[in-house]
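**Student:** Please take these sequences and the hints and turn them into a complete structure.
Residue numbers (the numbering used here), protein chains in the order written: chain A, 1 to 240; chain B, 1 to 221.
Just so you know, these hints were derived from the structure itself, not from any lab.
Since the model is a prediction, treat every value here as computed from it, not as a measurement.
Treat the hints with care, as some may be off.
[Unchecked claim] SDA-like mimics (lysine to any residue), calculated; alpha carbons at most 25 Å apart, straight line:
hint, chain 1, residue 1, chain 2, residue 2
1, A, K142, B, E69
2, A, K142, B, A209
3, A, K11, A, R207
4, A, K142, A, E218
5, A, K166, B, V206
6, A, K11, A, R214
7, A, K142, B, T160
8, A, K166, B, V135
9, A, K166, B, T160
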Amino acid sequence: MAAASQGPLPKGLVAVGAVLLCIGSYWGLAQAPGEIFMGDVQRIMYVHVPTAWNAMLALTFAFVCAVFFLFTNSWKWDNRLEAAMEMGVVLSLLLCTQGAIWAKPTWGVWWDWDPRLTTTAVMVFAFGGILALRAFVDDPMKRAVWSAVACIVAFADVPIVYFSVKWWNSLHQAQSTPATVSKAFHWPLRINAFGILFLWAGLVALRTRVAALRLRSEIAPPLPAPSARGTDARASGSAW
Amino acid sequence: MTAFLTALQKDFLLQWRGRGQIVAIFAFGAATLLLFSFAIGPDSVALRQHAAGFLWLGLLLASTLSLAESFEREMEEQALEGLLLLPASARALYYGKAVANCAQLAMIGAALVPVMVVLYDAGTIRLLSLLGVIVLGTAGLSAPGTLYAAMTAQTRARQTLLPLLLFPLVVPVLLAAVKATSLLILGDPMEQLRPWASLLGAFAVVQWALGGLLFGRVVED
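**Tutor:** This is the structure in structure tokens:
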């Protein structure tokens, strides 16, 4: 992704992702057969399940970036952390929204205290809080270290939250995997999963670049402005 | 070990000299317990059923004040930087501070129990088990709380950031502690206390290990 963010690849990824998402969604909405019990309501699965996989993937990538940042102290991992964490929070929020839309006609309620639902909501608040922390710290080094530390602590907390809520209450249906889903539903699910994956990977690469540009403006020496740009090793082109 | 004990002694001394603050935080917790009862109404059965939840919510809210206060003092006159110059590891400083915070929170929690008994008629004869749950629960609150308080004490909007970061993280503590305390108050025919206490213990172990591992990076950079 380091090279990707500097070339046309991120935009290409976004374009491919959007096209795949359109194909997968058309397939899921118009071509795939309806589910026997839930009918058309089930079709939200074609975005809901891929969103769930990708939200987890984006937050896992954020966790990897946090670990790499603490080991290497390289700004590029902080820029990626910022981008991946934002993407993970957005996808988790989308996941909660889609889940609520599906739950109302199926379960009769917008929300239920099921382990995966509750864990996703907790993740939104936990990682959203870290984004708020980033917004309130002016020193770039402190901001990077603290958000990496907080990201690791929050990520380690996710399985404990999941199991504690699972013991507390459970209603959600079993996880959707290729083994639990009829073969007729496989293709739109797979296409949408890759569509969302490419989309977020491209957007994260673009967002990483924005974070690197902001960082460069923050840590560049103020005077003399034109000649001093890029003289700081950490603010050079390697920042992303 | 000596560094840890010295750090712990320093934090206990700080707490002793600021004991008025602890009384004020306890009063805050007791006031929240009083306010929670207005949310339910004067239904003694419902109040008794929710007593454990109210106790832990009161303690959680009080903990943000207590944890934030523990690092406020270290920020005055750049005391923290002075501490880091000493030949002691940041880990020893963290564990000293976290143990002191845990002791303070457990004390406030234990002091809130009689308030809960009086207001909600929610007593138990298994006092030792209740104390164990309070200690395990406050250990789970104080480990990440101390780590986050070290960060947020140095930021703008610190009063908002500490609860914002801490509350989602300690959901397992709140769940397990409320459940365990409820079982002690309302009876435990299925003997479910042990798994909930184990969950509290597991959470505390993970958070205390992570806190010790990461605290050095939080204060040294």
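**Student:** Hint by hint, note whether the structure agrees.
**Tutor:** Structure-based check of each hint:
Between K142 of chain A and E69 of chain B, the direct Cα distance comes to roughly 21 Å. Compliance with the 25 Å bound is thereby established for this hinted pair. For the hint pairing K142 of chain A with A209 of chain B, the CA-to-CA distance comes to about 22 Å; that is within 25 Å, so the pair holds. Between K11 of chain A and R207 of chain A the CA atoms are separated by roughly 11 Å; this keeps the pair inside 25 Å, and the hint holds. For the proposed pair K142 of chain A and E218 of chain A, the alpha carbon gap of about 13 Å is at most 25 Å, so the pair holds.
For the suggested pair K166 of chain A and V206 of chain B, the alpha carbons sit about 19 Å apart, so the restraint of at most 25 Å is met. Annotation: proposed proximity of K11 of chain A to R214 of chain A holds, straight-line Cα distance about 20 Å (limit 25 Å). For a cut-off of 25 Å, the pair hint linking K142 of chain A to T160 of chain B stands: about 18 Å separates their Cα positions. This hinted pair checks out: K166 of chain A and V135 of chain B have alpha carbons roughly 24 Å apart, not beyond 25 Å.
Among the hinted pairs, K166 of chain A with T160 of chain B is inconsistent with the structure: their alpha-carbon atoms are about 29 Å apart, more than 25 Å.
In summary, the structure is inconsistent with hint 9 from the numbered list given earlier, while agreeing with all the others.
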